[in-house]
Amino acid sequence: MKKSGLTYIVDDLSLIRKNIIRDNSVVIKLSNPDDVVGVFQRYYGDYNIYQICLDLGFGSLSQIQFNNDWENIPLVIFAYNLGDLNYILNIVGLIQSCKIRVMQPASNKESYASLKILSSLGVDCGIFFDQEQADSEAFLDLASYYYMSPVPHASIEPFANIKENIHLDYNHSFDEVYFVDEKRFLYIHSEKEFSFLPQSKRLSIYLSDEDFEKEQVNFKLENYYGHFMELDQCSKCKAFKICNHKLSSSFNCDCQQTMAEVFEYAEISETVRR
Amino acid sequence: MPTLIFKETEACNSNCIYCDVIARKKPCTISFDLLETVFIRINEYLEKYSNQNFSIVWHGGEPCIVGVKFYNKVLELLDKHCPNTKNRISHDIQTNLTLINQELIDVFKNLGMNRVGTSYEPYKGIRGFGKERDSDAYNRAFFRGIELIEKNGFSWGFIYVVTRNVIDKPLEIFNILTNFKVKGGFQLHPVYSYKNEDKNNVGITAMEFADFLGEIFKEWWEHRQRYPFVQPFFSYMNHYGNGGTVCCSESGQCAYSHIFLGPNGEISHCGRSSDWDVFEVGNIKEVSIIEAFNHAYRKDLEKRNEYLLANDCKGCEYFSLCHGGCPLDGWNYKDTIFAKSEWCAATKVFLKKYFEPITGLKFDSRKYEQLDLSK
Ligand SMILES: C[S@@+](CC[C@H](N)C(=O)[O-])C[C@H]1O[C@@H](n2cnc3c(N)ncnc32)[C@H](O)[C@@H]1O
Ligand code: SF4
Ligand code: SF4
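Quick note, the sequences are listed as chains B and R, same order.
Residues in the first sequence are numbered consecutively from 107, following my numbering.
Residues in the second sequence are numbered consecutively from 3, following my numbering.
Be aware that a few hints might be false.
[What the hints assert, rightly or not] Below are the PhoX-like pairs computed for lysine-lysine, each with C-alpha atoms no more than 20 Å apart in a straight line:
(1) B:320 / R:355
(2) R:220 / R:355
(3) R:133 / B:342
(4) R:185 / B:342
(5) R:355 / B:326
(6) R:197 / R:336
(7) R:336 / B:342
(8) B:326 / R:185
(9) B:342 / R:126
(10) R:220 / R:350
(11) R:126 / R:201
(12) R:153 / B:289
The set of hints was computed from the structure by calculation and includes no laboratory data.
The structure displayed is predicted, hence computed values, not measured ones.
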């Protein structure tokens, strides 16, 4: 299997072994904040850690006892909310000095205000889409804050990613923010199996380079090109270039309209910048 | 530089609903003996015109159907017969991409190609394999082809043929095409039909085409930074801006720009003239390329502009842009190349009703007349 240049995603520490990871970078998924520093210290010398991904589920950001040990850890934290805002404000200097991005769910109405606060405090952050539907007005309001607000603020995903890639000459999905992109990330399930998406078909790690490339193309045919085979609403959508079907059931109203507006904002802010 | 439209084969693995090649021609492929004659003739031409280049567009039918052996033979014949001129010969290809493979790409690279022209149709039942016109199988193979050429660093653009099936959904098709082809570009042109027979009922009128383009143009213009180079919009903008030429069919100067060669050695002017059996010039076995370029019909083509200005196109403000359209369309319409194209109505309406009001650009024919004279 062609491995170089890819990032492997593992949630089982026993899979972080040289014979599996080789020289690829790795995303380590954790759910307990107490493990973060230890895991990073244990592996960072021997492995190229792309990011540690800490998923707190319904937990709050403020439940983490940040200290100086967190400073050099490339970390993305998925938290339900900020929790105790006073605590966050007290340690914001420390968070700013860490390589942290804080992600909050689109379905939690609180997230939109929290993300504005974090961003204005200089903390990189972002929204993620969960099973519940998001309020498209709040989402657009956050987008316009990110793209248009003259007040200095840190990046908010996926808006930052959209803006950065808007001039690419191929379709780009901001899904890489969530570690989904068959050309970049592989989910490693065991010593023998990987998949392109957490839930997609499992494939053998021992595939030859040629077969691996074929599987990448097959995956793209089923997913990306699938829209053009089915001529579904995404294939006809004005926002496909930035969205690529990622949000079909994520909003409480028409996703096309919402994402088409995000597209316009991103273009305007790019034009202003240039 | 002369462009040779070389249909080395008129066989095809597809059964596109509008295709005159498969409807009107036999699925023949040129023999290696005849191919050898072709390269002797090309060399002869280039030896005589030592300051000229020569462009070959491998066309068809489906030019990938002949396989890698064929193009290896081409390389061999270039070495054998054009040792001193082959550097002035460039190669392009117009392929449906459904049969492309790595071996073919490698030999295309050896011919100096790094781009392909192709064709795309997202709607079912228009381009497809077999009697049933299986578009799903066709598009699956096509998408694989795109992946392979992109992996090899080739760029690509496509032709989209506007048929009755999509005439009422311009924005929908535009969104699909621009989602599919983010950068680079594609060309929209109407379906042509020999003597307007339109056996499969896919034909559209010039007015329908003008409105179709117009609806798309509104969107393209508003977001032109976002969208790829869509033709004919891009050339009209270029033309209004600095008098650049539009495509061959509207250039008014195709008399000496193109030559066509078919699988049995038959010479004609271009792909369409061959599909419709106009301008039969003879066979490459007996007629050299130099002679073919001196054929009497080319003198007629040369006189067409003057004739149209005094007749069909008299007083038309857009003549210097459209030149009465493609001579073949004139022939198709009124049996003579001295007639204007029936598609000229589409050009006029599109420019007047959509292009000029939307862009605010004004057509200045004097600028182009001067340019024309200097060519
Ligand atoms: C005849 S094909 C040959 C090359 C190759 N097989 C392909 O399809 O690209 C060249 C181009 O002519 C277009 N074409 C075929 N029949 C047409 C028609 N009746 N009107 C307009 N374009 C047509 C095709 O869509 C294609 O883009
Ligand atoms: S906005 Fe909706 S319709 Fe458009 S590409 Fe995304 S998911 Fe598909
Ligand atoms: S693929 Fe090209 S040559 Fe073949 S039937 Fe279609 S248009 Fe004609």
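Structure-based check of all given hints:
1. For the proposed pair residue 320 of chain B and residue 355 of chain R, the alpha carbon gap of about 49 Å is over 20 Å, so the pair is violated.
2. Restraint check: the Cα-Cα separation between residue 220 of chain R and residue 355 of chain R comes to about 11 Å, which is no more than 20 Å; the hinted pair holds.
3. Under the criterion of a C-alpha separation no larger than 20 Å, the hint pairing residue 133 of chain R with residue 342 of chain B is inconsistent with the structure, at around 28 Å.
4. Taken as a hint, the residue 185 of chain R and residue 342 of chain B pair is honoured in the structure, with Cα atoms around 17 Å apart against an allowance of 20 Å.
5. Only pairs whose Cα atoms come within 20 Å are accepted, and residue 355 of chain R paired with residue 326 of chain B is rejected, the gap being roughly 41 Å.
6. Taken as a hint, the residue 197 of chain R and residue 336 of chain R pair is honoured in the structure, with Cα atoms around 9 Å apart against an allowance of 20 Å.
7. At most 20 Å may separate the alpha-carbon atoms for a hinted pair to count; residue 336 of chain R and residue 342 of chain B exceed this at roughly 40 Å.
8. In summary, the hint linking residue 326 of chain B to residue 185 of chain R is supported, as the alpha carbons are separated by about 19 Å, within the 20 Å threshold.
9. Between residue 342 of chain B and residue 126 of chain R the alpha-carbon distance is near 15 Å, which keeps this suggested pair within the 20 Å criterion.
10. Distance check on the hinted pair: residue 220 of chain R and residue 350 of chain R sit about 17 Å apart at the alpha-carbon level, within 20 Å; holds.
11. Simply put, residue 126 of chain R and residue 201 of chain R have alpha-carbon atoms about 18 Å apart, close enough for the 20 Å limit, and the pair holds.
12. Restraint check for residue 153 of chain R and residue 289 of chain B: the C-alpha separation of about 12 Å stays at or below 20 Å, so the hint holds.
Hint compliance for this structure: hints 1, 3, 5, 7 are broken, all remaining hints hold.
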